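Chain order of the listed sequences is A and B. So that you can map any letter, position 5 of the first sequence is 4 in numbering that gives the first Met the number 0, and since no number is skipped, the others follow by simple counting. So that you can map any letter, position 241 of the second sequence is 240 in numbering that gives the first Met the number 0, and since no number is skipped, the others follow by simple counting.
A portion of the hints provided could be inaccurate.
Stated by the list, open to error - Quick list of in silico lysine-lysine cross-link-like pairs, BS3-like style, CA-CA up to 25 Å:
id: 1; chain 1: A; residue 1: Lys294; chain 2: A; residue 2: Lys149
id: 2; chain 1: B; residue 1: Lys311; chain 2: B; residue 2: Lys244
id: 3; chain 1: A; residue 1: Lys337; chain 2: B; residue 2: Lys191
id: 4; chain 1: B; residue 1: Lys297; chain 2: A; residue 2: Lys337
id: 5; chain 1: A; residue 1: Lys31; chain 2: A; residue 2: Lys337
id: 6; chain 1: A; residue 1: Lys332; chain 2: B; residue 2: Lys311
id: 7; chain 1: A; residue 1: Lys67; chain 2: A; residue 2: Lys238
id: 8; chain 1: B; residue 1: Lys236; chain 2: B; residue 2: Lys212
id: 9; chain 1: A; residue 1: Lys350; chain 2: B; residue 2: Lys311
What the hints assert, rightly or not - Among the chain B residues that face chain A by a calculated CB cut under 8 Å, a handful are:
id: 10; residue: Arg96
id: 11; residue: Arg98
id: 12; residue: Asp160
id: 13; residue: Lys244
Because the hints were derived from the structure by calculation, they are not lab data. Since the model is a prediction, treat every value here as computed from it, not as a measurement. Glycine is no exception: its CB is placed at the ideal position from the N, C-alpha and C atoms.
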Amino acid sequence: MQKTVEKFSVLYLQILMGNGECDEKDMPYLSKRQIQEIYFFMVLARKLDERMLNLQRQGRIGTFAPSKGQEASSVGSAYALEPKDWIIPSFREIGGLLVRGMPIDQYLLYYAGDERGSNLPKGINIFPTSIPVGTQPAHAVGFAIAARMKKENLVVITYFGDGGTSEGDFHEAMNFAGIFFAPVVFICQNNQYAISVPRSKQTRASTIAQKAISYGFPGIQVDGNDVFAVYKATLDAVKRARDGNGPTFIECVTYRLGDHTTADDASKYRQQKEVDEWSKKDPILRLRKYLENMKMWSAKEEDALLKDIAEKIESAVKSMENKEPPCVDDMFKFMYEKMPWYLQEQLSSLKERTSEGE
Amino acid sequence: MVSALNQALFCEMELDENIVVLGEDVGIDGGVFRVTEGLWQRFGSERIIDTPLGESGIVGVAIGMAAYGLRPVVEIQFSGFSYPAFDQLISHASRLRNRSRGRFSCPLVVRTPYGGGVRALEHHSESMEALYAHVPGLKVVIPSGPYDAKGLLSSAIRDPDPVIFYEPKRVYRAIKEEVPEKAYTIPIGEAKVIQNGNDVTIISWGAMIRECKEAIDKIDASAELIDIRTLKPLDFKTILNSVKKTGRVVIVHEAPRTGGFGAEIASLIAEHGLLHLEAPIMRVTGFDTIFPLAKLEKSYLPDERITAGIKKVLEF
Numbered sequence: 000m001q002k003t004v005e006k007f008s009v010l011y012l013q014i015l016m017g018n019g020e021c022d023e024k025d026m027p028y029l030s031k032r033q034i035q036e037i038y039f040f041m042v043l044a045r046k047l048d049e050r051m052l053n054l055q056r057q058g059r060i061g062t063f064a065p066s067k068g069q070e071a072s073s074v075g076s077a078y079a080l081e082p083k084d085w086i087i088p089s090f091r092e093i094g095g096l097l098v099r100g101m102p103i104d105q106y107l108l109y110y111a112g113d114e115r116g117s118n119l120p121k122g123i124n125i126f127p128t129s130i131p132v133g134t135q136p137a138h139a140v141g142f143a144i145a146a147r148m149k150k151e152n153l154v155v156i157t158y159f160g161d162g163g164t165s166e167g168d169f170h171e172a173m174n175f176a177g178i179f180f181a182p183v184v185f186i187c188q189n190n191q192y193a194i195s196v197p198r199s200k201q202t203r204a205s206t207i208a209q210k211a212i213s214y215g216f217p218g219i220q221v222d223g224n225d226v227f228a229v230y231k232a233t234l235d236a237v238k239r240a241r242d243g244n245g246p247t248f249i250e251c252v253t254y255r256l257g258d259h260t261t262a263d264d265a266s267k268y269r270q271q272k273e274v275d276e277w278s279k280k281d282p283i284l285r286l287r288k289y290l291e292n293m294k295m296w297s298a299k300e301e302d303a304l305l306k307d308i309a310e311k312i313e314s315a316v317k318s319m320e321n322k323e324p325p326c327v328d329d330m331f332k333f334m335y336e337k338m339p340w341y342l343q344e345q346l347s348s349l350k351e352r353t354s355e356g357e
Numbered sequence: 000m001v002s003a004l005n006q007a008l009f010c011e012m013e014l015d016e017n018i019v020v021l022g023e024d025v026g027i028d029g030g031v032f033r034v035t036e037g038l039w040q041r042f043g044s045e046r047i048i049d050t051p052l053g054e055s056g057i058v059g060v061a062i063g064m065a066a067y068g069l070r071p072v073v074e075i076q077f078s079g080f081s082y083p084a085f086d087q088l089i090s091h092a093s094r095l096r097n098r099s100r101g102r103f104s105c106p107l108v109v110r111t112p113y114g115g116g117v118r119a120l121e122h123h124s125e126s127m128e129a130l131y132a133h134v135p136g137l138k139v140v141i142p143s144g145p146y147d148a149k150g151l152l153s154s155a156i157r158d159p160d161p162v163i164f165y166e167p168k169r170v171y172r173a174i175k176e177e178v179p180e181k182a183y184t185i186p187i188g189e190a191k192v193i194q195n196g197n198d199v200t201i202i203s204w205g206a207m208i209r210e211c212k213e214a215i216d217k218i219d220a221s222a223e224l225i226d227i228r229t230l231k232p233l234d235f236k237t238i239l240n241s242v243k244k245t246g247r248v249v250i251v252h253e254a255p256r257t258g259g260f261g262a263e264i265a266s267l268i269a270e271h272g273l274l275h276l277e278a279p280i281m282r283v284t285g286f287d288t289i290f291p292l293a294k295l296e297k298s299y300l301p302d303e304r305i306t307a308g309i310k311k312v313l314e315f
């Protein structure tokens with residue numbers, strides 16, 4: 000005897016078309032003010048990215064991972080959270096972090112090589128950046144289970160890329176999330192490349208979203224350059240999680256328009272033609288078209304927005320550069336709650352040398 | 000030692016509802032060595048969590064829990080299977096406090112049985128404590144007997160930072176000691192002088208303490224035996240005081256020799272106590288080989304080599 004014991008399908012969601020027209024049937028409720036706010040965060044993320052590239056080239060900050068082209072995925076998803084919810088990020092989600100209140104100067108400070116950038120004020124529910132790819136989804140699962148134990152009805156979103164889904168830790172995190180029904184939303188920013196390795200070489204699977212099915216929870220694929228689709232999918236996933244219905248996996252199909260990091264040169268491994276094609280699908284242009292079509296936006300408002308953003312960024316750059324330098328004590332002080340004798344010794348010998356040198 | 004560890008978990012879990020235990024078979028089965036026996040029945044499956052296989056996942060999830068304010072105690076069934084979780088420990092657990100400049104911390108305990116002498120399968124006999132001791136941000140604790148095991152585990156659970164708690168499975172059931180029923184702690188970072196002596200200082204930890212005692216009984220000299228109990232932070236003061244008195248040192252561990260923690264202790268003695276030494280520092284250790292299967296394990300583990308080592312140092 001043979002019979003089919005399981006079948007599955009994967010939904011794809013797109014709401015906002017390339018021409019700025021919108022599929023009203025799936026359109027989530029968003030007020031005019033909210034849509035304008037989403038647009039603000041996307042442009043802020045883009046402008047900050049551009050400014051940071053510039054600062055990096057001038058040697059004023061260090062290496063970072065640009066997020067140009069992925070603003071809809073991170074802003075749209077983070078916008079679906081409530082204040083008490085948490086983000087456990089990777090390193091290419093500045094849009095989402097801004098939505099969640101990331102102070103720009105602290106973000107810059109971190110990439111200028113200062114750990115104080117990760118010591119965010121209480122109330123900003125963002126976990127520190129995790130650089131080892133695919134390791135942080137497990138933290139999200141633990142975080143979410145702990146919060147549930149403490150009867151705090153919150154949801155944790157964690158971000159990673161298509162490359163991250165090839166890591167073993169990602170699969171262990173998904174498996175744990177499924178088994179423990181953790182209130183987690185997994186957001187995969189499938190930006191088509193893990194440095195130089197294309198999506199086709201990460202997995203034979205036709206979608207990344209379908210990986211969720213093998214862990215017993217839903218996976219959905221969305222147009223990651225469509226902020227409404229990302230928002231809607233995340234809103235549904237957050238509700239599921241908050242209602243006690245477990246995790247969801249969202250694959251945002253997007254594209255990294257910039258290099259992997261400021262130390263990378265993407266022209267070595269991909270064609271300009273491909274980049275040009277994706278540039279036409281730019282998530283910010285698409286939302287702008289929508290706003291204009293709906294008569295929600297004017298050239299005057301655009302000018303005011305750009306001016307406001309430029310001021311915010313410049314004031315943050317100033318604040319970052321005016322920050323007093325860190326002291327060497329900080330290198331030792333946070334290793335343990337109480338500094339052990341050998342660190343005290345090492346710190347004093349370092350300080351002695353420094354004072355001799357003066 | 001198994002029941003002392005079990006008691007520590009019971010006592011601490013009664014005192015602090017934020018403590019959770021996670022691992023493979025820690026629930027209804029009570030752990031393959033029975034260290035978590037009865038906990039599931041008492042505290043339920045929300046706090047005693049049987050996990051799927053996946054050491055990295057277990058530790059990764061525990062890190063998230065710890066960051067949120069729980070106090071997870073992870074059991075890795077055998078230390079030889081802890082390596083998949085090494086990335087989570089070295090890349091995250093040890094760094095969270097520093098990375099966030101104190102906003103987050105990681106009060107996590109990873110308990111795991113280590114060491115040879117039980118005629119086990121491959122991967123079930125190693126002593127890799129030096130790997131963990133090398134990682135900034137971790138603490139490494141190894142008890143040698145039941146009384147210490149209970150007090151040290153309680154301290155590890157109450158510690159605000161991540162602790163690797165290595166349990167010498169060879170003496171899990173081999174040593175009997177009086178253990179108070181109530182909770183008590185033994186400070187992390189304090190060595191214990193097990194036996195006072197004037198002629199030679201023997202420094203060891205874990206299962207090798209018992210072997211050292213036997214070796215001392217076979218020699219005609221006054222030996223001081225120090226159980227360091229914590230590799231990191233090491234109580235070097237106790238070691239140095241003893242070295243000043245005896246001038247002769249033998250360090251014993253079953254872990255491989257090269258880069259073993261004995262080398263660190265020897266360096267510290269050389270740096271701070273060279274002029275007190277009457278003889279070269281002697282290390283009696285496991286070999287730089289793969290830990291053998293049952294038929295050769297007696298040849299691997301320090302036994303009469305300890306006596307020989309002590310004699311050599313005394314006769315120098």
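Hints and how they fare:
1. A:Lys294 - A:Lys149: With a Cα-Cα distance of about 46 Å, the restraint between Lys294 of chain A and Lys149 of chain A is violated, given a limit of 25 Å.
2. B:Lys311 - B:Lys244: Holds: Lys311 of chain B and Lys244 of chain B sit about 18 Å apart, inside 25 Å.
3. A:Lys337 - B:Lys191: holds, 21 Å
4. B:Lys297 - A:Lys337: violated, 41 Å
5. A:Lys31 - A:Lys337: violated, 51 Å
6. A:Lys332 - B:Lys311: violated, 43 Å
7. A:Lys67 - A:Lys238: violated, 29 Å
8. B:Lys236 - B:Lys212: holds, 22 Å
9. A:Lys350 - B:Lys311: With Cα atoms ~42 Å apart, Lys350 of chain A and Lys311 of chain B exceed 25 Å; violated.
10. Arg96: With Cβ-Cβ at 5 Å, under 8 Å, it holds.
11. Arg98: With a minimum Cβ separation of about 5 Å from chain A (threshold 8 Å), the hint on Arg98 of chain B holds.
12. Asp160: Since the shortest Cβ distance to chain A is 5 Å, the answer is holds.
13. Lys244: violated, 21 Å
Figure legend: structure checked against the earlier numbered hints; hints not met, in rising order: 1, 4, 5, 6, 7, 9, 13.
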